[in-house]
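K.L.:
Take a look at the letters that make up each chain.
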Amino acid sequence: MLLGYIKEVVKEQAMAEQYLIELFNELKTADINEVTAAGVNTFLRLQQIARKKLSSFITTVEHCTDQAEIATKKAITGNKFIELMSSEQQLVFCSVHYHGKTITKLAAELNKPEDTIRLLLRESFTIIRNNRNDTAVHQ
Amino acid sequence: MIQQYINSGILEAYVTGSASEQEIRELLYMKANHPEVNIALQELEKDMELIAQQMAITPPERTWNRIADTIDELILRQTSNPDQFTGREDNNYKNFTKPDTGPQYIEVEAESNHMKVHKLWKWVFAAVFVLGKIFLAFAIYFYLENRQAQQQLKEIKTELQQLKR
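So the sequence lines, in the order shown, correspond to chains A and B. Each residue of the first sequence is one higher than the last, beginning at 1 in my numbering. Each residue of the second sequence is one higher than the last, beginning at 1001 in my numbering.
By construction, these hints were calculated from the structure, which means they are not laboratory data. From the three backbone atoms N, C-alpha and C, an ideal C-beta is built for every residue, glycine too. Errors might be hidden in some of the hints.
Stated by the list, open to error - Calculated pairs, DSS-like style, for lysine-lysine (alpha carbon to alpha carbon, straight line, at most 27 Å):
#: 1; chain 1: B; residue 1: K1046; chain 2: A; residue 2: K80
#: 2; chain 1: A; residue 1: K52; chain 2: B; residue 2: K1046
#: 3; chain 1: B; residue 1: K1046; chain 2: A; residue 2: K7
#: 4; chain 1: A; residue 1: K105; chain 2: B; residue 2: K1046
#: 5; chain 1: A; residue 1: K53; chain 2: B; residue 2: K1046
#: 6; chain 1: A; residue 1: K52; chain 2: A; residue 2: K7
#: 7; chain 1: A; residue 1: K7; chain 2: A; residue 2: K53
#: 8; chain 1: A; residue 1: K105; chain 2: A; residue 2: K53
#: 9; chain 1: A; residue 1: K80; chain 2: A; residue 2: K11
#: 10; chain 1: B; residue 1: K1031; chain 2: A; residue 2: K52
Said to hold, decoys possible - Which residues of chain B face chain A? A partial, calculated answer using Cβ under 10 Å:
#: 11; residue: N1007
#: 12; residue: G1017
#: 13; residue: S1018
#: 14; residue: A1019
#: 15; residue: S1020
#: 16; residue: E1045
#: 17; residue: E1049
#: 18; residue: L1050
#: 19; residue: I1051
#: 20; residue: Q1053
#: 21; residue: P1059
#: 22; residue: R1062
#: 23; residue: R1066
#: 24; residue: A1068
Using the sequences and the hints given, assemble the complete structure.
P.N.:
What follows is the structure, given as structure tokens:
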């Protein structure tokens, strides 16, 4: 799953594999303990580490805020959940999830209130939730 | 109140790593004190995994082998935590079979071939080198001058002798 995430960011299989190897090789004992600690979602923690590692790469690639890019071919393809999102929701989700932008930074870039960005992000998750037939918490 | 907090989008920001430091602190407090927040977070984590599963790629075997080698090395390094060797017993065999003792290391003071000098010496050495070159140039110049003068003196002496005759 982690390789899939990295590939979505770097868009190249060989480079994604190299990033994955480096990510694991650079893990310190403390990181391993943290990732495998009880109550911690190991995948999400590794994904956060990967996002941090990819931050330097992310700054060199095209932004999700490229409206033309989104309008023509959509920023992310092949993910049924993301494809169900509107362009605006996808823009927020892509910027946050794949480009590691903070809500504050994204709000400033899009010239929108932080609450609106959070709401769009939440709507993105609601779409995912509704399509996995589990609405226990999100209503 | 709690439901309002859950619906605010902060939890989504947290799981995607886009929340601010203050939001994270607040959320961890809420998570510790309100089980509903914790449940909502777990659900969001499932959602994140679901997205990842959609885009999942199985890493080739060679990738895993390269990762596994380093992990194995880390695990071995973690378990080995030797104590410093403190003393020897007269009976040599006891030194190898001490019960209830883990691995030990002996501190060795190695004699290094290197020495540490102040960074200022770099400039001193550079100055000495440059001055050395200047002196050498002067020495060559004066040697040649002297040789020329000697030659001229010899010529004058020869001329004088010829004139005397």
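K.L.:
Give a verdict on every hint.
P.N.:
Here's how the hints hold up against the structure:
A threshold of 27 Å between alpha carbons decides the hint, and for K1046(B) with K80(A) the separation of about 16 Å falls inside it, so the pair holds. Between K52(A) and K1046(B), the direct Cα distance comes to roughly 21 Å. Compliance with the 27 Å bound is thereby established for this hinted pair. Annotation: proposed proximity of K1046(B) to K7(A) holds, straight-line Cα distance about 20 Å (limit 27 Å). For the hint pairing K105(A) with K1046(B), the CA-to-CA distance comes to about 26 Å; that is within 27 Å, so the pair holds.
Annotation: proposed proximity of K53(A) to K1046(B) holds, straight-line Cα distance about 23 Å (limit 27 Å). For the proposed pair K52(A) and K7(A), the alpha carbon gap of about 15 Å is at most 27 Å, so the pair holds. Between the alpha carbons of K7(A) and K53(A) the distance comes to roughly 13 Å, so the proposed pair stays at or under 27 Å and holds. Of the supplied pair hints, the one linking K105(A) and K53(A) holds, its CA atoms being roughly 19 Å apart against a limit of 27 Å.
About 18 Å separates the Cα atoms of K80(A) and K11(A), which keeps this hinted pair within 27 Å; it holds. Restraint check for K1031(B) and K52(A): the C-alpha separation of about 24 Å stays at or below 27 Å, so the hint holds. With 10 Å as the threshold, the beta carbon of N1007(B) comes within range of chain A, its nearest partner Cβ sitting at about 7 Å, so the hint holds. Hint status for G1017(B): holds, given a least beta-carbon distance of 5 Å to chain A, under 10 Å.
Interface hint status for S1018(B): upheld, as the beta-carbon distance to the closest one in chain A is roughly 4 Å, under 10 Å. Proximity of A1019(B) to chain A holds as hinted, the smallest CB-CB distance being about 7 Å (cut-off 10 Å). Look at S1020(B): its Cβ gets to within about 6 Å of chain A, closer than 10 Å, so that hint holds up. With a cut of 10 Å, the hint placing E1045(B) at the interface with chain A holds, because the nearest CB-to-CB distance is about 5 Å.
The interface hint given for E1049(B) is met, as the beta carbon of that residue sits about 6 Å from the closest beta carbon of chain A, less than 10 Å. Here the hint on L1050(B) is kept, as its CB sits about 6 Å from the closest CB of chain A, short of 10 Å. With a cut of 10 Å, the hint placing I1051(B) at the interface with chain A holds, because the nearest CB-to-CB distance is about 6 Å. Because the closest C-beta pair between Q1053(B) and chain A is about 6 Å apart, less than 10 Å, the hint holds.
Interface hint status for P1059(B): upheld, as the beta-carbon distance to the closest one in chain A is roughly 5 Å, under 10 Å. Among the interface hints, the one on R1062(B) holds; its C-beta lies about 8 Å from the nearest C-beta in chain A, closer than the 10 Å criterion. The beta carbon of R1066(B) is positioned within 10 Å of a beta carbon in chain A (closest approach about 5 Å), and the interface hint is therefore held. Interface restraint check: A1068(B) against chain A, minimum CB-CB distance 9 Å, threshold 10 Å, status holds.
Checked against the numbered hints given earlier, the structure satisfies every one of them.
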